[in-house]
Amino acid sequence: MPNFFTDNPDLLFHFNHLNLKEIVEIAENGYEEAQKYPYAPVNYEDAMENYRKVLEVVGDIAGNFVAPRAEGVDREGPRLVNGRVEYARGIKEDLERLTQAELMGMTLPREYGGLNFPHTIYMMAIEMISRADASLMNLFGLQDIAETIYKYGDEEQKKQFLPKFASGECTGAMVLTEPDAGSDLQAVKLHAYQDEKGQWRLRGVKRFITNGGGDILLVLARSEPGTKDGRGLSLFVCQRDESIKIRRLEDKLGIHGSPTAEMQFNDTPAQLIGKRKFGLIKYVMDLMNGARLGVSAQALGIAQAAYEEARDYARAREQFGKPIYNIPVVTNMLIDMRVTLESNRTLLYATARWVDLRDKLEKKVQQLKAAGRDFAETQKRFKEANRIAALLTPMTKYVLTESANKICYDALQIHGGAGYMRDFPIERHARDARITNIYEGTSQMQIVAATGGVINDILKDYFEQQEQKSYKGHLQFLADHLKEIRHIFLDSLQFVKDKDDENFQDVAARDLVELYSYLYVGYLLLEQAELDQRKIFIANRYIVSALAKARKNAEEIRNEQFADLLHADEILI
Amino acid sequence: MGYRSIVLVKQVPDTANISGEVMKPDGTVNRAALPAIFNPEDRIALEIALQVKDRHGGEVIALTMGPPKASEILRECLYMGADRVYLISDRKFAGADTLATSYVLSEAIKKLGDFDFVFAGRQAIDGDTAQVGPQTAEKLGIPQITYVDQIVELNGKVVTARRRFDNGYEIVRSQLPALLTVIQEAAEPRPFKATRLMTYKSAKSLMELEKMVEGNPLLSREDLRHEYEERGLFIPTLTMDELKLDESRCGHSGSPTKVFKVESVVLAGGEHEKFEPTREGLDRLITKLMEDRIFG
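As given, the protein sequences belong to chains A and B, one line each in that order.
Residue 1 is where the first sequence starts when you use our numbering, and the numbers rise one by one after that.
Residue 574 is where the second sequence starts when you use our numbering, and the numbers rise one by one after that.
Next up, chain B with everything else stripped away, as it sits in the complex:
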């Protein structure tokens, strides 16, 4: 038997490599100036889904909600081995917080039919909320296992997984379908496969095909779409209307989270204290560290 897995992925600004030029004066990040990358833990989620398929068979479907250029990470999903990918994109989704995002995602997942797993990264490196996975599970009405670093056992419709925390781990069992969020340590993502890379480098979403048609009267959107579908290179796009969503729950209007204020905090090591490398000096250092609760 096989398992049908849906993987939630997100394109994020590469916040790990922030330099001076990409910070705006008010302390927020100028997203346009940052390279957009595949959220690292989402890639792990895809890897875990692919491992489940390698061992037990089945299907892996990747979903992303984002602007048209988010197709790039869907192509990367195809390079790694995803069977199908979907872009969920609509101008009306702009400004979505985690509540609105999980609403759209859960509706899109329902649209795709039965499934055994939803995998997602623990959190995205831009917002770091770790809320979208859990909220999606809530809306789908399925159990969730967060912070997974290992699938211990998979037997029929029951999964046993290990959750890792700072000071230990917990092994839990759940009925399927279930949603699992995974952490970086869970796996090392596989490389792109050369033949898939060469095949799917030309995969295009509807918006990308529209771009190709723009200014070229010889091309028609429908013909192109047909051609790309034939060749298995069409990335289907789900819009608000196609998903029959409640507009008031999408984008800005569906997002109760409002940014109140952004404060630019510059960390500067203003004061430092010197301890001599003697016995007494070390004693004083340790006492000080305990006072400051750096040592427990």
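Pulled out of the complex, with its shape left as it was, chain A reads as follows:
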């Protein structure tokens, strides 16, 4: 009877040390919601108790219902039957279960049937679901679609669509990608036009659409004829009907439970969301940022599953007369994996908290404005949170999805030949992890998105504040390491700035973003090490190896390793 919440001490550690007080207070309108809804919390402790209990339910469903079905789902996959997408049987049962437990609208406001939970809690749920079956996350994790309608749709659209999401009656899809518009969404061509009655209609082809057979579709389309860039795109919502043809389902490497469709829209009636021309530049950017956090949590869940497989296998497998767990090389690999796993979790939930803070401060600014009260201070804090969330979201996705692949790679390696066989779940985790650093923006795109914040040293104040602190014993040694990493970062940054070469900066950005992530995660781990003895081990290995990696990052920049890009054609024969 594994419960993926209560059996995971590190997740519990993070839950127990969450500080969501301000976030929950704004979300609950100073706990006034409790007057209206018997299940709304009456104070912060009550809210946390609600979150804990619901996460226990998620953990139970993930561990005892979803996980045992995951292998079957992976083997079976979805089917296209008479133009309709049919999920694998296990996925269908999983979704029914999650619907019964009322978990399909976790972040939506209560008036639309949701639970009004913070994103941070939702991410914990996604982590557990992904640990059980990564592909189910692609359906469970689509709650951001409803969130987008909530944020930018009009009241009628909210009433029409949101309760259907929250009740689990409908699933959704983000319909963005096209054959010639992948990372470059500005190139989207799908045509949106108004017919003689003024009804918007959609015409064209979309590709690689996760859950393309879903009931409620958010579609990015070109509403301004003659335009070529992102400013000619608008966002639409439509319901699945006969005019939409699913042309094919992709045959993929992993996440087999999640159907990926090619869709054709034949003059499909649709409603405009928000304002024309804001489709990509505002709404989709926002939607993608939410989804990026979700994919980070998905990667973390897969990594957790892979780590456990490796640890258990190493303990059970005997070679040279002892469990391979006791062979130092293997032990060392496991420790590396564990430290990465825990430091990734630290980064994810710190980022999720900034995202929550941003959203709630934005809400508070609107409330203060509406009440005719002074909002300057809140506005300032909102802007700061907005900048930090905009940096941390892509940075987190880059770090977590890349290292989830590494953890899966090493976990499979520890299995030896057995890991290459389909008899063990590790090969599934390795296949599932591989998409996380591609979809919702490749790692390379995440670096582009994070670069601005890194170059402007957005977290400067936080780092300087942490540098002023003094630590006890070994932690001071680690704090000094972080100071050194910061020197290295600032040096490297200056070098890149002085160089004043856009191409050089683009390539050096990866090193800079990595350096920045060591600093942020390093300081967070130091804070945790002050709370918990065991975490000193985690902070130690993370920070000591971060310094070594930082030196490598800096060398790559200083030695102008990238100078040979000019000779690419000669090298790449």
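Certain hints may be false.
Here are the simulated lysine-lysine pairs, DSS-like style, with alpha carbons at most 27 Å apart [said to hold, decoys possible]:
1) A:Lys92 x B:Lys642
2) A:Lys36 x B:Lys777
3) A:Lys364 x A:Lys383
4) A:Lys158 x A:Lys252
5) A:Lys469 x A:Lys549
6) A:Lys535 x A:Lys21
7) B:Lys766 x A:Lys159
8) A:Lys277 x A:Lys228
9) B:Lys774 x A:Lys36
10) A:Lys549 x A:Lys483
11) A:Lys164 x B:Lys817
12) B:Lys642 x B:Lys817
13) A:Lys158 x B:Lys642
14) B:Lys683 x A:Lys36
15) B:Lys665 x B:Lys683
16) A:Lys282 x A:Lys406
17) A:Lys483 x A:Lys460
18) A:Lys460 x A:Lys499
19) B:Lys784 x A:Lys53
20) A:Lys275 x A:Lys189
21) A:Lys53 x B:Lys683
22) A:Lys53 x B:Lys766
23) B:Lys774 x A:Lys53
24) B:Lys626 x A:Lys53
25) A:Lys322 x A:Lys164
26) A:Lys483 x A:Lys469
27) A:Lys460 x A:Lys158
28) A:Lys406 x A:Lys277
29) A:Lys21 x A:Lys189
30) A:Lys282 x A:Lys151
31) B:Lys626 x A:Lys164
32) A:Lys151 x A:Lys275
33) B:Lys626 x A:Lys92
34) A:Lys36 x A:Lys151
35) A:Lys159 x A:Lys197
36) A:Lys21 x B:Lys766
37) B:Lys642 x A:Lys53
38) B:Lys665 x A:Lys21
39) A:Lys383 x A:Lys363
Derived from the structure by calculation, the hints contain no laboratory data.
All of these numbers come straight from a predicted model, not from anything done at the bench.
Based on these hints, arrange chain B on the given structure of chain A.
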């Protein structure tokens, strides 16, 4: 039309996960050291009752007889969807065997008025007697269908159910009201519903409210009770006096079953015989298994 179902539930020590520390030297189980859980087949009984309500409407009421902490499984009944729950608790019920238990339960059921169904798990994982369901039906004077794995048909005041045994099944029909005991395979219990979980996590029985009042002069039991009743969070408690029961039929005094002796049997595979993986070896193995009546 709807059906009114009463579900008998029990909190039991988690005997499926017994480790060394929870066995006393005399071989009995140290209940205090075991986590208390919702008896698995009772949860199935609740699920079946809720399915009847989902399909036909009506009401589901859960009852448990047990110590104050048994309220925990009543809260779980509420999380799953029970409309009402009752705790039947009194110090004088302590030491009840199946006869005394079924007496108390049947009297409590009578007190709750008309009903169509009583559902119960086949048996509890602590005593494994499978007697309380049948004895309760006897005392209520209603038909019983035990070992149910499926309600085949429900039409007006007639139920058709399938009883499953080791080597087959039997389909029987009964007038309502009737008592049904169900087996694990009958259904998969539904998960807790998030909104109900958050609502009813604060539901409290009278004894739990008394605990809150203890040592806090600012609180009064009656005020608290009133407040919890208002909010729909009060778990009513039925005591011996409230049920107007015959004390001689309750608890120890009402229980003719006396434990004579508990023997600690340690199963150890002392002797084993090896058979070669050859044709002859297999022949000898099969003959041996037939001799030992392992193969029929």
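Hints, one by one, checked against the model:
Between the alpha carbons of Lys92 of chain A and Lys642 of chain B the distance comes to roughly 37 Å, so the proposed pair goes past 27 Å and is violated. For the hint linking Lys36 of chain A to Lys777 of chain B, the alpha-carbon distance of about 21 Å falls within 27 Å, and the restraint holds. Annotation: proposed proximity of Lys364 of chain A to Lys383 of chain A holds, straight-line Cα distance about 12 Å (limit 27 Å). As the CA atoms of Lys158 of chain A and Lys252 of chain A are separated by approximately 34 Å, the hinted pair breaks the 27 Å bound.
A hinted pair counts as satisfied when its Cα atoms are at most 27 Å apart, and Lys469 of chain A with Lys549 of chain A qualifies at roughly 24 Å. Of the supplied pair hints, the one linking Lys535 of chain A and Lys21 of chain A holds, its CA atoms being roughly 24 Å apart against a limit of 27 Å. Using a Cα cut-off of 27 Å, the hinted pair Lys766 of chain B and Lys159 of chain A holds, with the two alpha carbons roughly 23 Å apart. Among the hinted pairs, Lys277 of chain A with Lys228 of chain A is consistent with the structure: their alpha-carbon atoms are about 12 Å apart, no more than 27 Å.
The suggested pairing of Lys774 of chain B with Lys36 of chain A holds, with an alpha-carbon distance near 17 Å, which does not exceed 27 Å. For a cut-off of 27 Å, the pair hint linking Lys549 of chain A to Lys483 of chain A stands: about 14 Å separates their Cα positions. Using a Cα cut-off of 27 Å, the hinted pair Lys164 of chain A and Lys817 of chain B is violated, with the two alpha carbons roughly 50 Å apart. This hinted pair checks out: Lys642 of chain B and Lys817 of chain B have alpha carbons roughly 23 Å apart, not beyond 27 Å.
Restraint check: the Cα-Cα separation between Lys158 of chain A and Lys642 of chain B comes to about 44 Å, which exceeds 27 Å; the hinted pair is violated. With a CA separation close to 37 Å, the supplied pair Lys683 of chain B and Lys36 of chain A exceeds the 27 Å bound. A threshold of 27 Å between alpha carbons decides the hint, and for Lys665 of chain B with Lys683 of chain B the separation of about 20 Å falls inside it, so the pair holds. With a C-alpha separation of about 33 Å, the suggested pairing of Lys282 of chain A with Lys406 of chain A is violated against the 27 Å cut-off.
Under the criterion of a C-alpha separation no larger than 27 Å, the hint pairing Lys483 of chain A with Lys460 of chain A is consistent with the structure, at around 12 Å. Taking the CA atoms of Lys460 of chain A and Lys499 of chain A, the gap is near 22 Å; set against the 27 Å cutoff, the hint holds. This hinted pair checks out: Lys784 of chain B and Lys53 of chain A have alpha carbons roughly 23 Å apart, not beyond 27 Å. With a CA separation close to 18 Å, the supplied pair Lys275 of chain A and Lys189 of chain A stays within the 27 Å bound.
In summary, the hint linking Lys53 of chain A to Lys683 of chain B is not supported, as the alpha carbons are separated by about 35 Å, beyond the 27 Å threshold. A hinted pair counts as satisfied when its Cα atoms are at most 27 Å apart, and Lys53 of chain A with Lys766 of chain B qualifies at roughly 11 Å. About 9 Å separates the Cα atoms of Lys774 of chain B and Lys53 of chain A, which keeps this hinted pair within 27 Å; it holds. A C-alpha spacing of about 26 Å is found between Lys626 of chain B and Lys53 of chain A, which places the hinted pair at or below 27 Å, so the restraint holds.
In summary, the hint linking Lys322 of chain A to Lys164 of chain A is not supported, as the alpha carbons are separated by about 56 Å, beyond the 27 Å threshold. At most 27 Å may separate the alpha-carbon atoms for a hinted pair to count; Lys483 of chain A and Lys469 of chain A meet this at roughly 11 Å. At most 27 Å may separate the alpha-carbon atoms for a hinted pair to count; Lys460 of chain A and Lys158 of chain A exceed this at roughly 40 Å. For the hint linking Lys406 of chain A to Lys277 of chain A, the alpha-carbon distance of about 40 Å lies beyond 27 Å, and the restraint is violated.
For the hint pairing Lys21 of chain A with Lys189 of chain A, the CA-to-CA distance comes to about 45 Å; that exceeds 27 Å, so the pair is violated. Only pairs whose Cα atoms come within 27 Å are accepted, and Lys282 of chain A paired with Lys151 of chain A is accepted, the gap being roughly 11 Å. For the hint linking Lys626 of chain B to Lys164 of chain A, the alpha-carbon distance of about 23 Å falls within 27 Å, and the restraint holds. Distance hint between Lys151 of chain A and Lys275 of chain A is fulfilled; the C-alpha atoms sit about 12 Å from each other, no more than 27 Å.
The suggested pairing of Lys626 of chain B with Lys92 of chain A holds, with an alpha-carbon distance near 23 Å, which does not exceed 27 Å. Restraint check for Lys36 of chain A and Lys151 of chain A: satisfied, since their Cα atoms lie roughly 22 Å apart, inside the 27 Å limit. Between Lys159 of chain A and Lys197 of chain A, the direct Cα distance comes to roughly 24 Å. Compliance with the 27 Å bound is thereby established for this hinted pair. For the suggested pair Lys21 of chain A and Lys766 of chain B, the alpha carbons sit about 25 Å apart, so the restraint of at most 27 Å is met.
In summary, the hint linking Lys642 of chain B to Lys53 of chain A is supported, as the alpha carbons are separated by about 19 Å, within the 27 Å threshold. With a CA separation close to 47 Å, the supplied pair Lys665 of chain B and Lys21 of chain A exceeds the 27 Å bound. Only pairs whose Cα atoms come within 27 Å are accepted, and Lys383 of chain A paired with Lys363 of chain A is accepted, the gap being roughly 12 Å.
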